[in-house]
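Given next are the chains, with one letter for each unit.
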Amino acid sequence: MSPDQIGFVTLLKKEVMRFWAVLGQTVSAPVITALLYLLVFAQALQGRLVPGYDGISYTQFLVPGLVMMTVIQNAFANTSSSLIQSKVMGNIVFTLMAPLSPLEWFGAYILAALVRAALVAAAMLATALIFVPLPVAQPLALIGVFLLAGGSLAALGLIAGIWAQKFDHIAAFTNFVVTPLSFLSGVFYSVHSLPKFWYTASHLNPFFYMIDGFRYGFFGHADVPIAQSLLWMSGFFIVCSGAALWMLVTGYRMRK
Amino acid sequence: MSAPFPPALVIDEVRKSYGSLQALKGVSFQIERGEFFGLLGPNGAGKSTLISIIAGLSRATSGKVAVLGHDTVSDFRLARRKLGVVPQELVFDPFFNVVDMLRIQAGYYGCGEEVWPWIDEMLERLDLKAKRSVSMRALSGGMKRRVLIAQALVHKPPVVILDEPTAGVDVELRRTLWSFMRDLHSQGTTVVLTTHYLEEAQEMCSRIAILDKGEIKALETTPQLLARHPFRFLRLKFANGGSLPDSLRSLVASENNGVIELKLDTQANPIAAVFDALRAAGLAIEDVHTREPDLEDIFLELTK
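Chains as they are written, first to last, in this note's numbering: chain A, 332 to 587; chain B, 99 to 402.
Where hints are given, some of them may not hold.
What the hints assert, rightly or not - Per the computed footprint, the stretches of chain B lying under chain A, defined by three or more beta-carbons under 8 angstroms from a beta-carbon of chain A, are:
(1) 149-156
(2) 190-200
(3) 206-217
To be clear, the hints were calculated from the coordinates, so they are not data collected in a lab.
Quick caveat, the model's predicted, so the values are computed rather than measured.
Positions of the beta carbon are idealized from the N, C-alpha and C atoms, including for glycine.
Taking the hints into account, I'd like the entire structure generated from these sequences.
Structure (C-alpha cells):
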C-alpha cells in the first residue's frame with residue numbers, strides 16, 4: 332500500500348474501532364429499539380391489510396421499513412457523533428494535521444458509517460427472520476438502496492458534524508430533521524393509505540424513496556417504481572456528498 | 099525549481115486576520131535545517147496562530163509557508179509528513195489506549211508496523227511503558243502530555259514544533275523531554291520551541307525570534323540577543339539599614355526586603371562610579387552581587 336492508502340485505511344479503521352469500542356451503544360441499542368417497534372406495531376396492527384401489498388402481512392411489510400429507518404438513523408449518527416466528539420474533545424487536530432486529503436476523509440467516514448449501518452441491518456434482519464419469513468426478490472436493488480441511503484445519511488451526518496459546535500446542535504439536527512423525516516417516510520404505512528396532501532408531501536421526502544426502494548428489494552414491488560426511487564436517492568446522495576466535500580475542501584468551521 | 103537543500107521552515111509574509119483583528123501582520127523568517135529555534139512572545143502575540151498555519155490547522159489570510167521546501171497548501175501531504183507538532187492543549191481521544199493511539203497516528207502518516215519498534219522506544223524514553231495498554235481517559239495530565247509528544251514524533255518527522263510543551267508539567271517530565279529533544283536534535287531533527295519559561299529557551303535554543311502583536315520584534319542568535327541589552331544589574335544590601343543616595347535613585351530596577359537592584363547602562367553608568375557615589379554618601383555595604391541580563395530582561399525590554 333502507498334503511504335496515502337495507509338493513511339486512508341487507518342482513518343477508516345479508527346472510525347470503525349471507535350464505534351466498535353461501544354458496540355452495545357452503537358449496534359445493540361438501535362437493534363433493540365427497532366425490534367420493540369416491530370413487536371408493538373405488529374401486535375397492535377396484526378391482521379391489518381396493507382393497500383397495494385397483496386399476500387404480504389403487516390408484520391412482513393413493517394420489517395424492511397424498520398431496518399431502513401435504523402440504517403438511516405445510524406449512518407447519520409456515526410459520522411455526526413464522531414465529528415462532534417472529536418471537535419468538542421479537541422482531538423480533531425490529530426486528523427486535521429495529518430496528510431489526509433478531503434476525499435480520503437470523506438471516504439473513510441462514509442465507509443465506517445456504512446459498516447455500522449450494515450451491522451445494525453444484519454442484526455435486525457437476523458432477529459426478525461426468526462419470527463417473520465421475508466422474501467428477497469431483488470437482492471441487487473436491496474444492496475444499491477442500502478448503499479445510496481446509508482451513504483447519503485452518512486454524508487448528511489458529516490455536514491451536521493462539521494456545522495455543529497456543540498452536542499445540542501447535533502441533537503437538534505437529529506430531533507428536528509432526521510427523526511421526523513424518517514418517521515414520515517412510510518415506515519409504518521403505505522403512502523397509498525394517506526390523504527391526497529400527505530400522499531404528495533411524502534413524495535418530496537427523500538427518506539420515503541429509501542424506505543420504498545428497500546421494500547422493493549424484498550417484495551419486488553413498492554409504492555413507486557424502483558427507477559424513480561434510485562433517481563431520487565442518487566440526487567440526494569450527490570447533493571449531500573457535494574456539500575460535505577465542499578466543507579472539507581474549504582475547511583469550513585474546521586480549519587479556522 | 100526548488101532548492102536542493104531547502105530550509106526547514108520558510109514563513110513568507112504570513113498575514114492572518116480575524117475580522118478587524120490582525121493576529122499576524124506579515125511575518126517572514128526562515129529556520130534552517132538542524133536548528134533549535136525559539137519562538138517567543140507574550141500571550142496573544144500570534145505564536146499559536148502561526149503554528150496553526152504551519153500545521154494546517156488554520157489558513158493564512160495571505161502569505162506562504164513551506165516545510166523543507168513543500169508548500170503547506172499546494173503540497174500539503176509532503177509538508178505535513180515532514181512535520182510533527184505537539185499542540186498546546188491537552189487533547190486526547192478517549193476511545194483508545196496509548197499504544198493503539200500511537201499506531202493510529204503513525205498510520206495517518208503512511209507508517210505501518212516498521213515504526214512499532216520506534217513506538218516502543220518512545221514509550222520507554224517518555225516513561226510510558228507501564229501505561230502502554232491504559233486507556234487515554236485514565237491517564238493523568240502529565241502522562242497525556244507525554245503521549246502528545248510521542249504522537250508528534252511517531253512518524254519520525256525531520257521538523258518538530260513544540261507549542262509550550264512544558265506548560266504545567268513537573269520537573270521530571272521537563273527533564274525527560276529536554277533530554278529526548280536534545281538527542282533528536284543531535285541526530286539532525288530541527289526543533290522549534292515556544293515556551294513561557296525563558297530560561298529554557300535561553301538554554302536550549304541557538305536562535306530566537308520574538309513575536310509581539312503579530313510582528314517579529316527580534317530575530318537573532320541567542321548570544322547576539324543577549325548582547326543586545328546594554329545593561330547589567332547590580333544588587334546591593336546596605337548594612338545598618340542605610341538608604342540609596344538620591345543621585346542613584348533613577349537607576350533602581352527593583353527593591354525588595356532591603357535588597358536594591360540597580361539597572362546600569364554599561365557605558366553611562368560604570369560600576370566604579372556607583373561605588374564612588376555610595377562611598378561619598380558614607381554607606382556601608384553588607385552584600386553585593388552583579389548579574390548579566392538574561393533572556394527575560396531582553397524579552398521584557400522588547401515587548402513592553
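Status of each hint after checking the structure:
1. Check result for the segment 149-156 of chain B against chain A: holds, 5 residues qualifying (beta carbon to beta carbon below 8 angstroms, three or more required).
2. Given as covered by chain A, the segment 190-200 of chain B passes the check, having 6 residues with a CB less than 8 angstroms from a CB of that chain where 3 are the minimum.
3. Here's how the segment 206-217 of chain B fares: 5 of its residues keep a CB closer than 8 angstroms to some CB of chain A, so the rule of at least three is met and the hint holds.
The structure agrees with every numbered hint stated previously.
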